[in-house]
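**Q** Residue numbers (this note's numbering), protein chains in the order written: chain R, 1 to 346; chain L, 1 to 346; chain Z, 1 to 346; chain A, 1 to 346.
Derived by calculation from the structure, the hints in this document are not laboratory data.
Source: prediction; values computed, not measured.
Some clues are possibly wrong.
You can't tell identical chains apart in this list, so a pair holds if it fits in one copy or across any two.
Straight-line C-alpha distance at most 30 Å; calculated DSS-like pairs for lysine-lysine [claimed, not checked]:
no. : residue 1 : residue 2
1   : 165       : 78
2   : 278       : 19
3   : 325       : 165
4   : 12        : 34
5   : 2         : 165
6   : 311       : 46
7   : 2         : 193
8   : 78        : 311
9   : 165       : 226
10  : 19        : 165
11  : 307       : 34
12  : 307       : 12
13  : 193       : 12
14  : 12        : 278
15  : 34        : 226
16  : 34        : 78
17  : 226       : 12
18  : 193       : 34
19  : 278       : 46
20  : 2         : 19
21  : 34        : 46
22  : 165       : 46
23  : 46        : 11
24  : 278       : 11
25  : 307       : 19
4 protein chains.
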Amino acid sequence: MKALVYRGPGKKQLEEMPKPALRDATDAVVRMVKTTICGTDLHILKGDLPTVAAGRILGHEGIGIIEEAGAGVSRFHKGDRVLISCITACAKCDYCRHGMPSHCEAGGWILGNTIDGTQAEFVRIPFADTSLYPIPENADDDAMVMLSDILPTGYECGVLNGSVKPGDTVAIVGAGPVGLAALLTAQFYTPAKIIVIDLDDNRLAVAGQFGATTVVNSTDGLAVAKVMALTAGQGVDVAIEAVGMAATFELCQEIVGAGGHIANIGVHGASVTLHLEKLWSQNITITTRLVDAVTTPLLLKTVMAGKLRPKQLITHHFALTDILKAYDTFGNAGRERALKVILTNE
Amino acid sequence: MKALVYRGPGKKQLEEMPKPALRDATDAVVRMVKTTICGTDLHILKGDLPTVAAGRILGHEGIGIIEEAGAGVSRFHKGDRVLISCITACAKCDYCRHGMPSHCEAGGWILGNTIDGTQAEFVRIPFADTSLYPIPENADDDAMVMLSDILPTGYECGVLNGSVKPGDTVAIVGAGPVGLAALLTAQFYTPAKIIVIDLDDNRLAVAGQFGATTVVNSTDGLAVAKVMALTAGQGVDVAIEAVGMAATFELCQEIVGAGGHIANIGVHGASVTLHLEKLWSQNITITTRLVDAVTTPLLLKTVMAGKLRPKQLITHHFALTDILKAYDTFGNAGRERALKVILTNE
Amino acid sequence: MKALVYRGPGKKQLEEMPKPALRDATDAVVRMVKTTICGTDLHILKGDLPTVAAGRILGHEGIGIIEEAGAGVSRFHKGDRVLISCITACAKCDYCRHGMPSHCEAGGWILGNTIDGTQAEFVRIPFADTSLYPIPENADDDAMVMLSDILPTGYECGVLNGSVKPGDTVAIVGAGPVGLAALLTAQFYTPAKIIVIDLDDNRLAVAGQFGATTVVNSTDGLAVAKVMALTAGQGVDVAIEAVGMAATFELCQEIVGAGGHIANIGVHGASVTLHLEKLWSQNITITTRLVDAVTTPLLLKTVMAGKLRPKQLITHHFALTDILKAYDTFGNAGRERALKVILTNE
Amino acid sequence: MKALVYRGPGKKQLEEMPKPALRDATDAVVRMVKTTICGTDLHILKGDLPTVAAGRILGHEGIGIIEEAGAGVSRFHKGDRVLISCITACAKCDYCRHGMPSHCEAGGWILGNTIDGTQAEFVRIPFADTSLYPIPENADDDAMVMLSDILPTGYECGVLNGSVKPGDTVAIVGAGPVGLAALLTAQFYTPAKIIVIDLDDNRLAVAGQFGATTVVNSTDGLAVAKVMALTAGQGVDVAIEAVGMAATFELCQEIVGAGGHIANIGVHGASVTLHLEKLWSQNITITTRLVDAVTTPLLLKTVMAGKLRPKQLITHHFALTDILKAYDTFGNAGRERALKVILTNE
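Extracted from the complex, chain R is given alone in its bound form (with noise of 0.2 Å):
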């Protein structure tokens, strides 16, 4: 079969793999339909995520046709159709049972990382029963493929750990596929200003068709002074941190009122600087998260009542022998207007 090998920092290959067999009696091997890239695969090719072997085909999204499912799988059977979960979870362990499978000893984000992913005609996927979801009927396709990773990942790491309350103030920074998926899913809380922060204008004009009440380009270093004229000098309630880099942490800190939270999404390279010597006061609230998947059903379901559009996000479409260039187009965002790409195996 096709698939996308990671061959090393900087290399990557459509190349011929063997289609993947069942390994363990809960395993299911699903014949893909659609996948996509995600921002986390440009790191793997750049050499950042050590985990990832040469050799290993990428790619933990999307949605597929069950095409063999081993004899432990009680829920799937030949023919679903299924989404795919970023995370994989084996439901038995202590992390599974307390609500986050991210840190599952068996699984957790192991798909395109420690074992061969999405981007290809086959997958094999571990513990299918608690790592796939059944697609209901009149889904949209492309709609899915969003609730494999952006979404939960916006939702959970950003929304939920924010605790983003009705007549909050919320700032995001970062309009990327990930900040905007918190942006979209903020709105399910009904914040009274969502204030989006990027260096990007067009990234900032699809925030504002997105729900943005407010959009702060930072090229010219005053948004921190935009933000607390915004609000009357007391800082925002909810500061989501989509971006990964030490500059837009420190902007988070910036920014946030007493009492506030920062919701941590970047996946960050580096350390950063924790100003503790003025929030130790501040009765401020930082946490950081690895998708757990966890709200995948409850996306689900908002979906379907036409409450959440993920469609917004996808912007450009390939077959699934092109990825090279949907690797290209994804690769030169800014350049090419680029939010999510969809991959279909045709």
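Start from chain R and add chains L, Z and A according to the hints.
**A** Same frame as chain R, now just chains L, Z and A:
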């Protein structure tokens, strides 16, 4: 009246000062019965807190008797015995009404900071109705003094913010008075293990008497390894920082397990390094808090029920007129084996 | 001044009454601008509330202008436009300090109950600083009146107590003003389905316009079956009782699913049957609440942000001097297709 | 093998039954080491539970040794010592994944109910990986048996659902084993007062030894008055119903204070009267729950840490072959001063 007056960095004097008078209708003047010295007072004397002007009477803890109550005070009358909260609460501003009087627009921590404090024969208490508590009959005076600041601080900033739960493993870094207050109140929630870490064997011995299940002297640099050994390599559920230094905050980051909490109590004078390159994916919650002292009624109930014995924290007694000697003892806490000192206005 | 006076069961008159004066330093006298009539006023007129003595001026909602503020009032001054909360809060008692001013020792629901109310040209408001709210510039007066009682009641007793979450299925039993207020504010949390049940097709049509996803006329006795069909036999996550009768509380018990919530808003005049023989094992939470009106600031923010449009609840306008006509209209709500009526003191 | 078999209302026999075998790959067969009798077993024998068919082996508690594990069992192996949960959890269905395995689609409370139970030499446990727990080294066998049902029931349905907090006043109505389990675990949260109410002086004496601060014999009909006197007329923060009768639920309604909780544990055979005409405005929360046994790991930690001593609940020991005698003793608990009995498979 006699009072301990701050005369600029490094300078304090026991002076004759004018007795305070009512200023606003909601004020009360309290004749002090007992007061104490806080670690924060030592910070002030080092010149670390620029909000404290020379000429200020220090102190934000104690009990006393209402000498005079303003016309707008409805809950207290001359002669009532009262507990003075370190936090002055107007009860009307948004912060007060949301349970965060530490940031009260007209109050907060002002005693011995921006207005004259309790290390004196008399003190003026603004918003007396909501900044004082009646002392129950049969209450022990010394125990009550511990409820002004140290116990709500350990409980709110350490235990509540750390979300201590039955069965948890809790580490408390720093066995000074506030760390020990966290140790006493953490036991409200029946954690399975409480590990206390300090450099001072005497304080660790006290921690053992107060309920620590393990004490670790971190002088040898092996604290992280020891905590990991005690937790099967998983780290602790809750790490409470009760020192206020970069090194102790670093230690908390190294011992907290996935899904765990770091509750900062320490007053930090400088920024610290936050290892988001490691913690971004560890589902960690970090909290800071200036004590709100909203749990004083709860703590009073537990003390009166015999469930919390605050007198354990008291090691020395002095007359108020010997306050300079008391500062010497408290300022050399290690050598003097001092925790909290009580000053009585005889 | 003109006022609507209760003269015993079944009797009300528009009378000339003395203008109220300040009694305590914390009082304010407010010149009424707009008020309204509550379903509770009809209960009073039936003689259902023995706390209301003959001679009482009714009404506990409205907006006005500060006519005179006592010496102890610090947050309002003559001429300020204010929103009157139906709950009077001393802000000092244990109940107030724990966020439950509905049970304030000196306040609570007293307006138009144990002291004279707002259906008059002037009203005395005790504890003005914490029982009034400033009206923001650009606010719509009619909308503000809905924040005195009906919206906090629907939100706190129905939506918050019911723990409405994104993706939930919510049933609201009763489409009168308070049920509709719950319907409007339930949407703060983006439930997937909101089923509104009533006997009146007109009110159900309004519910449909206000955001109900399904409306059910229960006249045919098939409401339970219809709700079960809509929920695949599992029952609803949240059932909000907004009527106050045994039959509607029974209905809630029949449609709530395992793990669900029944949030009672209705004012009940008689006991009901609780089916513990069925529910003991169903992991149900049942709540009751007299509105605390602690969410008024939050609701103000959502209104000013355009996220909540309270004017939808208003169907009729009258001059205050036509209040008897207004009572006729409101008392025949079905025939008159009346929801809330606004009375203006011209 | 020997087993206690239900032969219809009023009839039970110690019979020779076939040893159970694996049926599904996720099953384990456990050789029983110790089991016990539950109040629910007495209900079954009265014919109160129509789900239990004649011929059923009773029992849903105990510890044992893995005799055989199915191919799909990954966490247990032949020879492992295990604690059997009264709740069987598939870990895959929506209920299990939301922390409510009591309503598991394929499990829940099935042992000794819809499938054969633990009062036998061997038992088949479905979904063994998520329905059994490893017994820690050094654990006391008798203590472990108390973790199958009685302690999680008292803790989850009574203490957690009742939201017991430090400083609270808690009333427990019923001092049978489950009421005493609530009493032991309520102390995890350091309430100031725990009032235990029962008709049996012996059980009240036990309650006193287990930590009740006041015991009330309600035979004289003065329980409400006594509780009100103990709470300055305000009522209790938490009332735990541990009997399952209309009269005891009525008592809970009479003693609960404004803002309080009624946590129902009792198995009710008939409906009760709910006094909404009084409680509608009292901001009360009423909860029901079939135990989920999701806190078993937490309880294990507290037992192993010496914070909870379950053996206090055990009054009698028998050989499994003497189970009929054990039923006699347990069925005449008052006369025999029996709490929990242990049956050992020697």
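**Q** As a check of your reading, is residue 19 near residue 165 (CA-CA no more than 30 Å) within one copy, between copies, both or neither?
**A** neither (47 Å within a copy, 42 Å between copies)
**Q** Is the C-alpha distance from residue 307 to residue 12 at most 30 Å within one copy, between copies, in both cases, or in neither?
**A** Classified as neither; 38 Å inside a copy, 47 Å across copies.
**Q** Using 30 Å as the alpha-carbon threshold, which applies to residue 78 and residue 311: within, between, both, or neither?
**A** within (27 Å within a copy, 51 Å between copies)
**Q** Which holds for residue 12 with residue 34 at a C-alpha limit of 30 Å: within a copy, between copies, both or neither?
**A** within (19 Å within a copy, 59 Å between copies)
**Q** Pop the pair residue 2 and residue 19 into one bin, within, between, both or neither, using alpha-carbon distances up to 30 Å.
**A** within (9 Å within a copy, 52 Å between copies)
**Q** Classify it for me, residue 165 with residue 78: is the Cα-Cα distance of at most 30 Å met within a copy, between copies, both or neither?
**A** Neither, since 42 Å and 34 Å both go past 30 Å.
**Q** Within a copy, between copies, both or neither: which one fits residue 34 and residue 226 at a CA-CA cutoff of 30 Å?
**A** neither (41 Å within a copy, 37 Å between copies)
**Q** When no copy is specified for residue 307 and residue 34, does a C-alpha distance of 30 Å or less occur within a copy, between copies, both, or neither?
**A** Intra 23 Å, inter 36 Å, cutoff 30 Å: intra-copy only.
**Q** How would you label the pair residue 311, residue 46 (within, between, both, or neither) given a Cα cut-off of 30 Å?
**A** Within one copy only: 28 Å inside, 55 Å across.
**Q** How would you label the pair residue 46, residue 11 (within, between, both, or neither) given a Cα cut-off of 30 Å?
**A** For residue 46 and residue 11, only the intra-copy Cα distance (9 Å) is at most 30 Å; the inter-copy one is 58 Å.
**Q** Could you place residue 165 and residue 46 in one of the four classes (within, between, both, neither) given a Cα distance threshold of 30 Å?
**A** neither (38 Å within a copy, 40 Å between copies)
**Q** Is it within, between, both, or neither for residue 2 and residue 165, if the alpha carbons may be no more than 30 Å apart?
**A** neither (46 Å within a copy, 42 Å between copies)
This entry does not satisfy hints 1, 2, 3, 5, 7, 10, 12, 13, 15, 17, 22 and 25, going by the numbered hints stated previously.
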